[in-house]
Amino acid sequence: MDRQEDISTIMTNGKGNPNPLFRAQSTDGRLQAIAEGKWFAPVVDQSIEKEEIVLAVKEFNLWYGDDQALFDISLKVPRGKVTAIIGPSGCGKSTLLRSVNRLNDLVDIVRTKGDMTLYGDSIYNKGVDVIELRKRMGMVAQKPNPFPMSIYENVIYPLRIDGINDRRILDEVCEKTLKGAALWDEVKDRLQKSALGLSGGQQQRLCVARAIASEPEILLMDEPCSALDPVATAKIEDLIYQLREDYTILIVTHNMQQAARVSDYTAFMYLGQLVEYGRTASIFKKPQLQETEDYISGRFG
Amino acid sequence: MNNQENHPPASGVAGSGNKASAYRTRRRPGKGAFMAAHGQPMVWLSGGMLAVCVAMIIGLIAFVVIKGMATFWPGPVVRYVTVTGDIVSGEVTRGGHYEPREQLIDDLPMEVRAATMDLLTRNEGISERMLVRTGNFELDNEHFRWISDFEITGKGFPEWALVLERMTWGRFYGEPQSFRIDGETVAEGAEAAWAQFETYHGEVRKRWQARRDLESKELGRINHAQEKARLTVRQVELEARETMAAHGIDSGAYRQAVEALERQREIFDEENRALEARYAEIRDEIAALNRENDRYEMKLVTFDGREKTMGLAEVVRAYPANQLGIFSKAKIYVDRWLEFLWDAPREANSEGGVFPAIFGTVVMTLIMVVFVVPFGVLAALYLREYAKAGTLVSIIRIAVNNLAGVPSIVYGVFGLGFFCYIVGGSIDSLFFSAKLPSPTFGTGGILWASLTLALLTLPVVIVATEEALAAVPSSMREGSYAAGASKWQTIKRIVLPRAMPGILTGMILAMARGAGEVAPLMLVGAVKLAPELPIDGIFPFIHLERSFMHLGFHIYDLGFQSQNSEAAIPMVFTTTLLLITIIAVLNIGAILLRSRLRAKFIVNTV
Numbered sequence: 109m110d111r112q113e114d115i116s117t118i119m120t121n122g123k124g125n126p127n128p129l130f131r132a133q134s135t136d137g138r139l140q141a142i143a144e145g146k147w148f149a150p151v152v153d154q155s156i157e158k159e160e161i162v163l164a165v166k167e168f169n170l171w172y173g174d175d176q177a178l179f180d181i182s183l184k185v186p187r188g189k190v191t192a193i194i195g196p197s198g199c200g201k202s203t204l205l206r207s208v209n210r211l212n213d214l215v216d217i218v219r220t221k222g223d224m225t226l227y228g229d230s231i232y233n234k235g236v237d238v239i240e241l242r243k244r245m246g247m248v249a250q251k252p253n254p255f256p257m258s259i260y261e262n263v264i265y266p267l268r269i270d271g272i273n274d275r276r277i278l279d280e281v282c283e284k285t286l287k288g289a290a291l292w293d294e295v296k297d298r299l300q301k302s303a304l305g306l307s308g309g310q311q312q313r314l315c316v317a318r319a320i321a322s323e324p325e326i327l328l329m330d331e332p333c334s335a336l337d338p339v340a341t342a343k344i345e346d347l348i349y350q351l352r353e354d355y356t357i358l359i360v361t362h363n364m365q366q367a368a369r370v371s372d373y374t375a376f377m378y379l380g381q382l383v384e385y386g387r388t389a390s391i392f393k394k395p396q397l398q399e400t401e402d403y404i405s406g407r408f409g
Numbered sequence: 013m014n015n016q017e018n019h020p021p022a023s024g025v026a027g028s029g030n031k032a033s034a035y036r037t038r039r040r041p042g043k044g045a046f047m048a049a050h051g052q053p054m055v056w057l058s059g060g061m062l063a064v065c066v067a068m069i070i071g072l073i074a075f076v077v078i079k080g081m082a083t084f085w086p087g088p089v090v091r092y093v094t095v096t097g098d099i100v101s102g103e104v105t106r107g108g109h110y111e112p113r114e115q116l117i118d119d120l121p122m123e124v125r126a127a128t129m130d131l132l133t134r135n136e137g138i139s140e141r142m143l144v145r146t147g148n149f150e151l152d153n154e155h156f157r158w159i160s161d162f163e164i165t166g167k168g169f170p171e172w173a174l175v176l177e178r179m180t181w182g183r184f185y186g187e188p189q190s191f192r193i194d195g196e197t198v199a200e201g202a203e204a205a206w207a208q209f210e211t212y213h214g215e216v217r218k219r220w221q222a223r224r225d226l227e228s229k230e231l232g233r234i235n236h237a238q239e240k241a242r243l244t245v246r247q248v249e250l251e252a253r254e255t256m257a258a259h260g261i262d263s264g265a266y267r268q269a270v271e272a273l274e275r276q277r278e279i280f281d282e283e284n285r286a287l288e289a290r291y292a293e294i295r296d297e298i299a300a301l302n303r304e305n306d307r308y309e310m311k312l313v314t315f316d317g318r319e320k321t322m323g324l325a326e327v328v329r330a331y332p333a334n335q336l337g338i339f340s341k342a343k344i345y346v347d348r349w350l351e352f353l354w355d356a357p358r359e360a361n362s363e364g365g366v367f368p369a370i371f372g373t374v375v376m377t378l379i380m381v382v383f384v385v386p387f388g389v390l391a392a393l394y395l396r397e398y399a400k401a402g403t404l405v406s407i408i409r410i411a412v413n414n415l416a417g418v419p420s421i422v423y424g425v426f427g428l429g430f431f432c433y434i435v436g437g438s439i440d441s442l443f444f445s446a447k448l449p450s451p452t453f454g455t456g457g458i459l460w461a462s463l464t465l466a467l468l469t470l471p472v473v474i475v476a477t478e479e480a481l482a483a484v485p486s487s488m489r490e491g492s493y494a495a496g497a498s499k500w501q502t503i504k505r506i507v508l509p510r511a512m513p514g515i516l517t518g519m520i521l522a523m524a525r526g527a528g529e530v531a532p533l534m535l536v537g538a539v540k541l542a543p544e545l546p547i548d549g550i551f552p553f554i555h556l557e558r559s560f561m562h563l564g565f566h567i568y569d570l571g572f573q574s575q576n577s578e579a580a581i582p583m584v585f586t587t588t589l590l591l592i593t594i595i596a597v598l599n600i601g602a603i604l605l606r607s608r609l610r611a612k613f614i615v616n617t618v
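Protein sequence lines correspond, in order, to chains X and H.
Counted from 1, the first sequence has number 175 at position 67 by our numbering; the numbering is strictly sequential.
Counted from 1, the second sequence has number 533 at position 521 by our numbering; the numbering is strictly sequential.
Hints may be right or wrong, so weigh each one.
[As the list claims (entries may be wrong)] Heads up, simulated DSS-like pairs for lysine-lysine below, C-alpha to C-alpha not over 27 Å straight-line:
no. : chain 1 : residue 1 : chain 2 : residue 2
1   : X       : K301      : H       : K504
2   : H       : K400      : X       : K221
3   : H       : K499      : X       : K234
4   : X       : K343      : X       : K296
None of these hints come from the bench; they were simulated from the model.
Bear in mind the structure is a predicted one, so any value in this text is a computation, not a measurement.
Taking the hints into account, I'd like the entire structure generated from these sequences.
Right, here's the structure in full:
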């Protein structure tokens with residue numbers, strides 16, 4: 109609040125629109141301006157262009173009814189890296205994540221504009237088979253959501269969906285996946301017991317196992333530790349650290365320390381706009397925008 | 013910034029000087045508010061209402077259980093001598109106070125009239141009386157008799173008083189006199205005759221049972237075979253007639269049809285001859301059994317000295333009522349219960365068992381469940397999972413909920429008009445034309461009754477299923493979609509299993525409602541007496557077109573349509589007890605199933 113700026117220099121076409129009449133160069137007061145419905149081009153670290161891109165978000169907009177939740181987001185998620193999205197509550201980071209596997213389709217009032225591509229394949233084109241698309245991605249939700257069935261069936265659920273019933277394959281995948289999710293030793297003696305009897309942290313690792321059972325091209329994690337205690341959180345973070353070698357991970361978190369610990373790239377979002385995107389190290393040490401630094405150092409948000 | 017000024021504790025009215033005291037004044041409750049402030053009256057009120065509900069439930073169950081359990085306990089046989097010298101004997105069923113009419117006292121003999129008047133004056137005109145089950149209907153033309161206290165001059169418990177439950181004419185009360193085989197007296201005197209009776213009664217009843225089995229099973233089978241053969245001929249005849257109408261009387265097709273008819277008639281005659289022969293054989297067998305049974309007779313004498321000779325086969329059960337110990341009484345009690353549960357009714361339903369009614373109730377309820385659960389669950393699935401929320405869906409939902417409030421007899425009328433007459437009539441004319449004009453499906457039957465009740469209980473299932481589906485957390489569905497499952501895969505593998513306990517709750521509610529419903533059944537197939545069960549050993553084993561007996565209807569029939577209503581009333585309570593028990597058993601079964609499923613899908617929230 110100490111930096112009262114002159115917003116009259118920023119001109120827009122009026123109502124919370126993604127198409128500014130001209131783009132302000134000044135970073136001063138950018139957050140206030142965003143709050144008033146102005147759009148800025150995000151500050152993106154160019155080193156991202158050297159990476160192999162798995163997921164590319166291209167000028168993506170999303171509305172809940174008449175309320176716009178995402179404004180012209182463009183974002184590239186590099187392969188084999190952990191990309192974190194941070195930002196204050198309600199900034200649209202979960203919405204963006206759920207748009208990647210089109211879970212937002214389940215909400216009747218959602219409209220979108222723009223596109224995303226997964227290895228070059230459009231996600232939002234007409235005629236895209238959403239179910240086939242989702243099979244290429246794994247997702248871990250905010251709250252552990254194991255299914256009401258045995259641990260074994262939970263893990264191999266994606267394979268069952270694909271109609272694979274060969275016991276040998278299923279057993280093999282189950283063991284490999286649970287080991288991958290660092291859960292095997294804890295549950296190997298009770299695979300046929302209900303998954304709902306596991307602790308919260310175990311359930312969440314089970315959900316990770318389920319998400320990676322079908323070897324997804326990208327793993328989406330929506331605040332995977334928000335419902336867990338510190339010990340379980342640490343285990344999940346270790347797990348993410350291990351998984352980065354084999355999987356591309358896009359993780360949403362409201363915990364900045366977590367983002368700093370586990371991710372290679374970090375995107376900072378504010379009120380539906382991407383503000384800054386770059387290497388985690390530089391974002392956390394010396395961000396290009398003052399606003400990012402303010403947020404990271406806890407001065408607002 | 014001054015935080016206190018920004019956030020005053022209660023309101024911003026008071027000035028800063030006496031802020032605290034103003035606050036206290038405002039918050040002090042008035043005297044009258046004290047009780048309400050502690051919430052005590054509502055605790056008492058709500059607790060009291062619950063207590064009343066519990067008392068009503070316990071009262072209802074206790075009343076039915078006590079009344080129902082007492083019916084079969086054998087009582088002693090009392091022999092009263094009245095002032096007029098009449099002898100009234102039998103079992104006392106109940107008593108009470110009443111105000112005797114003057115006419116009754118005028119009819120008394122002169123010598124006791126004064127004493128009676130005196131007694132009545134002392135008791136302010138009120139007298140005690142008892143209802144005595146006197147039995148011996150063929151001698152007295154009555155089953156029961158009221159007897160007043162002042163009429164009684166003597167009372168005794170005859171040692172050899174026998175109670176005989178018979179196939180017809182109700183109970184007989186008397187003393188055994190002699191026992192005869194082939195018309196020759198083999199035992200004289202009460203004790204010896206009773207000993208002989210006990211010796212022979214078992215085997216006579218076995219033969220009688222064998223005879224009844226022959227009649228119902230073997231003869232039934234022959235009748236069915238004959239009927240089937242006759243219908244085959246009739247079918248060919250109908251076809252021939254159609255051919256004639258289509259091709260004319262001189263056509264070759266018609267001649268062929270007539271030849272076919274002739275052949276069929278010959279086959280029929282042949283089959284019929286074989287069946288007739290078999291029929292005669294069985295008749296002979298039955299006659300032989302009857303002859304053997306007729307050899308045994310017991311001569312009894314009533315307490316007022318009239319003699320009666322009785323064939324042993326007639327007697328279902330006999331016991332010397334005044335000699336029984338507690339164990340013998342218990343044995344008779346259990347025996348009567350077993351007969352009640354496993355036997356067919358006799359004496360216009362007021363005696364014997366209710367097995368066909370139990371069977372009918374259970375089978376009808378199960379068939380109903382088989383129809384209503386898939387229908388209701390699928391309908392609810394569409395409403396909740398597929399249909400886009402909107403006005404139309406809301407209207408449909410309201411309509412379904414309102415269906416639950418439609419009086420059940422309306423469903424009965426619909427079932428009769430639509431299922432029996434329209435659907436059943438069409439089935440008859442398509443597949444059972446040979447049997448017409450007597451209807452097969454075109455009248456009340458267990459299938460139509462089950463369908464009618466399925467319709468009646470459909471809203472219950474739909475509402476319960478919808479609620480269960482809505483209660484499945486969206487995180488589970490999303491998890492499934494995120495794993496690449498289609499909508500149906502998600503419903504089949506995640507939503508339905510998770511909602512299953514709730515769906516079963518709906519099923520339980522539907523069963524409880526359906527099994528207890530009577531009014532619509534009277535229109536669509538429940539009958540007073542159905543000699544054939546809907547499931548038996550004759551092909552095709554399940555006869556959905558047959559009418560059936562139902563416990564609820566049986567209770568109504570016993571209570572209001574019975575000729576011997578005094579004898580039927582205790583049976584009303586026993587049958588009610590049984591109906592409650594059966595519904596409870598069906599429900600407990602379903603609840604166990606549900607809790608097993610619940611244990612499988614323990615609901616745990618993180």
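Going down the list of hints, with the structure as the test:
The suggested pairing of X:K301 with H:K504 holds, with an alpha-carbon distance near 20 Å, which does not exceed 27 Å. Distance check on the hinted pair: H:K400 and X:K221 sit about 23 Å apart at the alpha-carbon level, within 27 Å; holds. A hinted pair counts as satisfied when its Cα atoms are at most 27 Å apart, and H:K499 with X:K234 qualifies at roughly 19 Å. For the hint pairing X:K343 with X:K296, the CA-to-CA distance comes to about 18 Å; that is within 27 Å, so the pair holds.
Checked against the numbered hints above, the structure violates none of them.
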